[in-house]
Amino acid sequence: MDNFTCNLCHDKGIIIKNSYAEQCGCSKHRTLERLFKNSRLPPAMKKCTFKDFSFEYYSKKLIDKDTPRNLTYYQSAQLAFKAALNFAEDFDRKVATKGILLTGQVGCGKTFLACCIANYLLSRKHSVLFIVVPDLLDMLRATYSINADLEYTEQELLNTAREVPLLILDDLGAHNYTDWTKNK
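FYI, my numbering numbers position 54 of the sequence shown as 54, with every residue one higher than the one before it.
Any given hint could turn out to be false.
Said to hold, decoys possible - Using 20 Å as the maximum straight-line C-alpha spacing, the simulated SDA-like pairs for lysine to any residue come out as follows: (1) K182 x V133; (2) K125 x Y74; (3) K60 x R40.
Unchecked claim - Derived DEER-like restraints, expressed as beta-carbon distance ranges: (4) A44 x C6: 20 to 30 Å; (5) K17 x A96: 32 to 42 Å; (6) Y20 x Y177: 56 to 66 Å; (7) V133 x Q78: 25 to 35 Å; (8) P42 x D11: 26 to 36 Å; (9) T143 x L169: 16 to 26 Å; (10) D90 x D66: 18 to 28 Å; (11) I146 x Y57: 17 to 27 Å.
Since the hints were derived computationally from the structure, they do not count as laboratory data.
C-beta: ideal position from N, C-alpha, C; glycine also.
Could you build the full structure based on these sequences and the hints that come with them?
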């Protein structure tokens, strides 16, 4: 959007209507774009929405052995979907929540649902940070290199993760955990 020029406000972000200053629509659009960019959500995942979630991939007959209640994969997916949507709606309404933990086998839809939550909240102008945990650990480790020419420090990375209103940690547990990684 850097090359975009608004014909209404000429990139000032404000237009005058009836002798009053008003925020231009392009400014709202740029704010939303900045939120999406800062979220670190992978480009392919920016299309994940609750309305695009498909239950057709989940068996209505096979039992999901990861659940204590002998649910089918379809029933598990329905519960996870409902929990993710409820979490996003509650977060948007500022209802106190402790968070949400999505667990399951590889390919069961955890990342898709996490991205649905992120996109839902980003579209409502909430700040979100999506981090793939092994990547974060690699970034943290890189700050220890003497030869690293980085734009960030370990403390800046950790503070960003601590301070964002919603932190989504993807692939938590998909890393070989040493004492160092456990500590971080």
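Consistency of the hints with the structure:
no.	hint	verdict
1	K182 x V133	holds, 11 Å
2	K125 x Y74	violated, 32 Å
3	K60 x R40	violated, 35 Å
4	A44 x C6: 20 to 30 Å	holds, 29 Å
5	K17 x A96: 32 to 42 Å	holds, 39 Å
6	Y20 x Y177: 56 to 66 Å	holds, 57 Å
7	V133 x Q78: 25 to 35 Å	holds, 27 Å
8	P42 x D11: 26 to 36 Å	holds, 29 Å
9	T143 x L169: 16 to 26 Å	holds, 19 Å
10	D90 x D66: 18 to 28 Å	holds, 25 Å
11	I146 x Y57: 17 to 27 Å	violated, 47 Å
In summary, the numbered hints that this structure violates are 2, 3, 11.
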